[in-house]
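Could you put together the complete structure from these sequences and hints?
Given next are the chains, with one letter for each unit.
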Amino acid sequence: MTDMKSDGVAAPATMPPTGRGRRHWAAALQQNAVYAALSRVVLAHPRVAAMLVVGIPVLWVVVWNVLPLIGMLRISFLDEYPARITQGPGVTIEHYLSLFTELAAYRPFLRTMGFALAVVLVNFIVALPIAYFLAKRVPRNWQIRLLILVTVPSWVSEVIRAFSQILLLASNGAINITLQWSGVTSKPIQFLYNWFAVGGGTIYVTVLFMLVPLYAAIEKIPNQVLEAASDLGASKLQRFFRVTLPLIRDGIATGAVLVFLVSTGIYTVPVLLSGPDTNLFAQVIAAQFYESNLAWPRGAAYSVAMFATALLIAALLNYLIRPKRKFRS
Amino acid sequence: MSGPLNRAPGQAGAVSWLGALYVAFVLYMLLPLTMVVLMSFKDHKFMGFPVTRWTTQWYVDAIHDQEFLNALAYSLMIAVIATAIGLVFGLWSAVLLSRRKLFMRGVLFALVCMPLVVPGIVSAIALRIFVESTGIGTGAVAIIIAHAAHSVPFIALMAMTRLSSMPPNLLESARDLGADPFVAFIRVALPYLMPALIGGAIFSMLSSFDDFIRAFFLASFSPTLPILIFSRLFTGLSPSLAAISTMVLVVTIVIGIFAERFVRSKNAR
Chain U
1 MTDMKSDGVA APATMPPTGR GRRHWAAALQ QNAVYAALSR VVLAHPRVAA MLVVGIPVLW
61 VVVWNVLPLI GMLRISFLDE YPARITQGPG VTIEHYLSLF TELAAYRPFL RTMGFALAVV
121 LVNFIVALPI AYFLAKRVPR NWQIRLLILV TVPSWVSEVI RAFSQILLLA SNGAINITLQ
181 WSGVTSKPIQ FLYNWFAVGG GTIYVTVLFM LVPLYAAIEK IPNQVLEAAS DLGASKLQRF
241 FRVTLPLIRD GIATGAVLVF LVSTGIYTVP VLLSGPDTNL FAQVIAAQFY ESNLAWPRGA
301 AYSVAMFATA LLIAALLNYL IRPKRKFRS
Chain B
1 MSGPLNRAPG QAGAVSWLGA LYVAFVLYML LPLTMVVLMS FKDHKFMGFP VTRWTTQWYV
61 DAIHDQEFLN ALAYSLMIAV IATAIGLVFG LWSAVLLSRR KLFMRGVLFA LVCMPLVVPG
121 IVSAIALRIF VESTGIGTGA VAIIIAHAAH SVPFIALMAM TRLSSMPPNL LESARDLGAD
181 PFVAFIRVAL PYLMPALIGG AIFSMLSSFD DFIRAFFLAS FSPTLPILIF SRLFTGLSPS
241 LAAISTMVLV VTIVIGIFAE RFVRSKNAR
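Those sequence lines, one after another, are chains U and B.
The working numbering numbers the first residue of the first sequence as 1 and each following residue consecutively.
The working numbering numbers the first residue of the second sequence as 1 and each following residue consecutively.
Just so you know, the hints here were simulated from the structure itself, not pulled from any lab data.
One should not assume that every hint holds.
[Claimed, not checked] Sample of chain U residues facing chain B (criterion: CB under 7 Å; computed from the structure):
id : residue
1  : 57
2  : 64
3  : 68
4  : 148
5  : 157
6  : 164
7  : 265
From a predicted model like this one, the values you see are computed outputs, not experimental measurements.
Where is the CB? At the ideal position from N, CA and C, for every residue including glycine.
Structure (structure tokens):
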């Protein structure tokens with residue numbers, strides 16, 4: 001054990017034994033000659049230590065988060081993939097241009113962006129009263145429990161959630177059978193494979209991304225502020241629009257950005273629930289990858305375009321909704 | 001519990017209709033999944049309502065369904081390995097990012113959190129192109145990488161939150177007692193971080209187990225469980241699918257509730 005006392009390592013070289021009387025494996029590790037030698041080298045060279053602490057996470061992030069996106073960006077400009085062996089690939093922007101010229105590309109693209117904005121709006125309207133109820137009308141110790149009750153479905157796979165929507169909406173699904181049984185209609189109503197199904201399914205999958213930030217924002221408003229507004233004679237509506245709403249703009253912005261980003265890229269729901277006139281852009285992208293390798297550059301270009309546009313619109317939403325910093329308390 | 005404690009004045013009547021809206025919302029969230037459970041007990045070849053006769057035969061079929069069992073094992077294996085990798089790199093990132101005066105900390109933080117904002121289909125396609133061009137190829141390795149990369153920010157954020165509440169002198173004491181930095185971290189910081197890591201690991205496993213979009217683009221011939229369910233949705237809606245989905249659903253929810261309670265009880269302490 002004395003060999004540990006060399007160099008800069010302070011004595012004593014042993015950790016106190018653990019309570020259970022057995023030595024902790026890490027304490028044993030420190031006694032190991034190979035480990036001790038390695039440890040001495042690392043400690044003697046701050047550069048090496050820094051490389052370990054900084055280098056490994058940075059390497060991970062760069063390799064798996066950054067390089068794939070750069071690779072996708074690169075391929076989106078190639079006129080052929082895989083590249084010709086002899087001359088190498090040519091560079092082109094035709095894949096991006098096709099977004100403006102091809103009906104089958106720009107129509108779903110615009111449709112998806114409009115759809116995602118509509119989903120943000122509907123989610124906001126649906127989630128706001130629920131969030132308000134949870135944050136201000138429920139005893140504190142029940143708030144989280146009641147919130148978890150509605151977040152339970154979000155742990156379940158998107159595929160199963162879309163499947164559950166089919167069972168609800170199909171011609172022999174729960175809604176149609178209930179309607180016929182109660183005599184409202186005599187024959188099934190077509191709920192599936194149209195905007196009703198895609199919209200409903202997307203809201204079902206994304207509404208919690210709006211609910212949770214709204215809840216957090218409303219919960220933070222001190223009750224005294226609301227009481228003061230009422231005491232000063234504000235009606236319920238006035239209080240809501242002039243006190244509550246301005247105070248939760250941060251939460252609205254977070255929810256809007258999250259919902260917008262998720263619903264532009266949503267794939268499972270439209271694949272299972274949309275019809276030919278309601279296909280979304282993610283389906284157009286995916287189709288490029290099932291045709292052949294030749295369509296990959298186009299698929300990559302569409303992905304880049306979708307992500308970039310979604311980020312831009314999300315940033316715009318954020319800018320419009322979130323209060324400017326200088327006014328924030 | 002006699003009633004809401006923090007009700008604002010003049011709002012007595014508002015409880016009822018807001019409460020009714022909440023109940024409607026709960027039904028909206030939970031009823032569709034209840035349909036799946038109901039359907040799994042239907043004694044008929046085809047799905048759909050009304051259900052007149054009931055059976056548990058679909059469950060018996062499911063546990064003898066080799067394709068289902070293979071997909072289940074495959075998904076579990078991927079979830080466990082991806083979570084293990086995600087834990088190592090998530091924790092490592094958290095330790096790095098918890099240094100306040102790190103050079104370009106903001107940039108690094110954004111890079112670590114990137115998978116949270118990139119839509120699933122975009123990151124799936126980017127990784128698909130990446131694994132093809134680097135020779136990794138599609139299959140289990142590609143899916144594991146995708147899931148681990150997705151779980152790193154979750155685990156890192158949870159670990160960072162916990163690290164920020166750790167008394168800084170704990171590690172110094174361990175160092176003074178002779179532990180080298182790594183051993184001090186293992187014996188002092190790791191036990192302190194354990195609740196966050198266990199919580200993060202469970203959520204990472206659930207999100208890997210439930211993931212469809214990444215596995216869909218990165219799988220080769222073996223399907224993961226969500227892919228199997230997805231492909232069977234196209235080949236005819238049989239209640240056997242509902243039975244499989246119900247099993248997945250129940251296990252997911254039980255684990256999720258357990259994780260939620262666990263994390264909350266530890267954080268409250």
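Comparing the hints with the structure gives:
1. 57: holds (4 Å)
2. 64: holds (4 Å)
3. 68: holds (4 Å)
4. 148: Result: holds, 6 Å to nearest chain B Cβ.
5. 157: At about 4 Å, which falls below the 7 Å cut-off, the nearest Cβ of chain B leaves the hint on residue 157/U intact, so it holds.
6. 164: holds (4 Å)
7. 265: Because about 2 Å separates residue 265/U from the closest Cβ in chain B, which is inside the 7 Å limit, the hint holds.
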